[in-house]
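**Q** Heads up: the sequence shown at position 356 corresponds to 356 in our numbering, and the numbers run straight through without jumps.
Some hints here could point you the wrong way.
[To be verified] So the derived label-pair ranges between C-beta atoms look like this: (1) Trp156 x Ala353: 34 to 42 Å; (2) Ala353 x Arg269: 38 to 46 Å; (3) Gly362 x Ala49: 46 to 54 Å; (4) Leu301 x Glu242: 19 to 27 Å; (5) Asp356 x Gly239: 13 to 21 Å.
If you're looking for bench data, these hints aren't it; they were derived computationally from the structure. Note that the structure is a prediction, hence the values are computed from the model and not measured. Beta carbons: idealized from backbone N, C-alpha and C, even for Gly.
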Amino acid sequence: MTDVLRRGRASLAFSFFAQGAAFALLVTRIPAIQDRYGVSDALLPAFLAAVPVLAGVGSVTTEQLVKRIPPSRLLRWSQPVVLLALLGVGAGDRMVELAIALAAFGLAVGALDASMNMLGVSLQRAYGRSIMLSFHAVYSLGGIVGASLAWVGAHWHLALWVSYLPVVAVLLPAALVGSRWYVDGDPGSVDGESGAESGAGSGLVFKLLLPLCLVMTFAYIGDSTVSNWSAKYLQDTLGSSEQLATVPYNVYMVTTLLGRTIGDFGVRRFGAAAVVRLGALVAAAGFAVVAGAPGAWVGMLGFTLLGLGLCVLVPQTFAAAGRLFPGASDAAIARLNIFNYVGFLIGSPLVGALGDAWSYRGAMLVPMVLVLVTLVYARSFAARPDRYGDGHERPRTADVGRGSNGL
1 MTDVLRRGRA
11 SLAFSFFAQG
21 AAFALLVTRI
31 PAIQDRYGVS
41 DALLPAFLAA
51 VPVLAGVGSV
61 TTEQLVKRIP
71 PSRLLRWSQP
81 VVLLALLGVG
91 AGDRMVELAI
101 ALAAFGLAVG
111 ALDASMNMLG
121 VSLQRAYGRS
131 IMLSFHAVYS
141 LGGIVGASLA
151 WVGAHWHLAL
161 WVSYLPVVAV
171 LLPAALVGSR
181 WYVDGDPGSV
191 DGESGAESGA
201 GSGLVFKLLL
211 PLCLVMTFAY
221 IGDSTVSNWS
231 AKYLQDTLGS
241 SEQLATVPYN
251 VYMVTTLLGR
261 TIGDFGVRRF
271 GAAAVVRLGA
281 LVAAAGFAVV
291 AGAPGAWVGM
301 LGFTLLGLGL
311 CVLVPQTFAA
321 AGRLFPGASD
331 AAIARLNIFN
341 YVGFLIGSPL
351 VGALGDAWSY
361 RGAMLVPMVL
371 VLVTLVYARS
381 FAARPDRYGD
391 GHERPRTADV
401 GRGSNGL
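Model the full structure from these sequences, guided by the hints.
**A** Structure below.
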């Protein structure tokens, strides 16, 4: 059974890696995509907003599908759709083809994100100790690899399909082979008949989930602020060179990887609530440093702190949902995953509007305050039925549900 867990963990980690690479290849080549299809600056925001909106629809649909279909099966078939949609974005010629490819990408990525985290939470429960951050660390690694490959494609002026085809050709069959070893959770977690989950559709359950939904939203507002505004802020506000302005996001991704790599050890030692509190404080300090930085290098220090602080919030929010709703964790995670996209949709326009109307230094204080609100809800991260920290780990569980080999 231990081998089943290990294979399940390794195959799921690869899925996180593949998704990190695919998403990075899409978002880092947006200017090239715009040029290829002749998308105007006025129309581009509509295309970009459509992806997270449709991803939210995909996540809502997944909440219903997991009542009848195991998350492993949804993940097995949604990941190839995401990769093929990425290739479609690079291979099309007309705007309608771009719209179809992005629509497929958005819907599939919602199902993919939800089902990946469902399997991650169920594996963490089976392990009896915190491993959720390690999956998101691999996602960060995939993002770094994808962004690096995108740089190579841009540097050598490769056509989008030439950049995307080798990646899809490697990742797609590998993901399909690896999907043989996905491990689903206890089947009883799907029907929502135990504990607090007997009222999965009631207002009481959403009230319990709401603090985590807010934390997820605030975390992604912070993340989208870095991804969308760090280069412009460093160059226009702090007076850096154009070349140096590209560095903060890379630094942010690297520190996100480092923080997630060691984060599980912190959860096991000090508990999830303490790690979330520390992450929120470090992230808030990062925003404060960025807002008050006298020059580019101090600003870089702020973005470094942001990576170390924000990196723990999202994985621990998914893990907390699994602990709060042990009888219906799949439904809770699918619903929580929607607020990933809510934060992404709010963050960039919010900072841009405040920057134009006020100042970009002042705009950086808004996500700082929102991240600090996480401290109010930190108690929601405290271990309830399972203690993954403070020296109270459960022994590894023999009942890991069903593997996906027979699906």
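**Q** Check each numbered hint against the structure and report the violated ones by number, ascending.
**A** 3
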